[in-house]
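Heads up: the sequence shown runs through residues 1 to 118, numbered per the numbering used here.
Hints are computed from structural coordinates only; laboratory data are not their basis.
Among the hints, a few may not be true.
[What the hints assert, rightly or not] Cβ-Cβ distance ranges computed for the label pairs, FRET-style:
| id | residue 1 | residue 2 | range |
| --- | --- | --- | --- |
| 1 | 14 | 94 | 18 to 24 Å |
| 2 | 98 | 73 | 17 to 23 Å |
| 3 | 76 | 49 | 14 to 20 Å |
| 4 | 34 | 84 | 25 to 31 Å |
| 5 | 41 | 79 | 22 to 28 Å |
Yeah, the Cβ is synthetic: ideal placement off N, Cα and C, and Gly gets one too.
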Amino acid sequence: MDETARDRTERRQSYVPQGYRQGLITAITVLLGFSLAFLRFWGFEAPGEWTARSIVATGAIGLAVSLQIVALVRSLRLEDDDPAEYRRTVNWFTCSAVVLLLGMLFAAVVIAIEPPSQ
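Kindly produce the complete structure, drawing on both the sequences and the hints.
Structure follows, in structure tokens:
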């Protein structure tokens with residue numbers, strides 16, 4: 001067996017260790033639940049008027065929720081037992097967390113510079 005065929009066989013036989021996928025699924029659902037709760041507060045319960053800045057913050061948080069859903073769907077696939085697929089799923093989740101953080105920071109700035117109207 002040549003080196004390339006051996007490498008492919010070893011890659012096919014390697015799996016993500018037991019518990020990693022379950023941990024990732026839990027992390028994604030916890031962050032997704034928080035994101036949806038924050039989006040509900042930001043969109044329906046927060047005082048003040050809608051501005052261009054608040055719409056940008058909402059768009060970023062909505063994008064983060066979309067990325068989290070993609071990561072959740074990827075993590076539930078059987079193909080995610082492959083370490084390369086698992087790494088891609090973790091990258092999707094990491095991107096969603098970064099976008100969420102940026103959206104929330106922007107929302108905090110919006111709240112700080114635009115006081116709610118009474």
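Against the structure, the hints:
1. 14 <-> 94: 18 to 24 Å: holds (22 Å)
2. 98 <-> 73: 17 to 23 Å: holds (19 Å)
3. 76 <-> 49: 14 to 20 Å: violated (40 Å)
4. 34 <-> 84: 25 to 31 Å: Cβ of residue 34 to Cβ of residue 84: about 29 Å, so the range 25 to 31 Å holds.
5. 41 <-> 79: 22 to 28 Å: violated (36 Å)
Violated hints, in rising order: 3, 5; the structure is consistent with all others.
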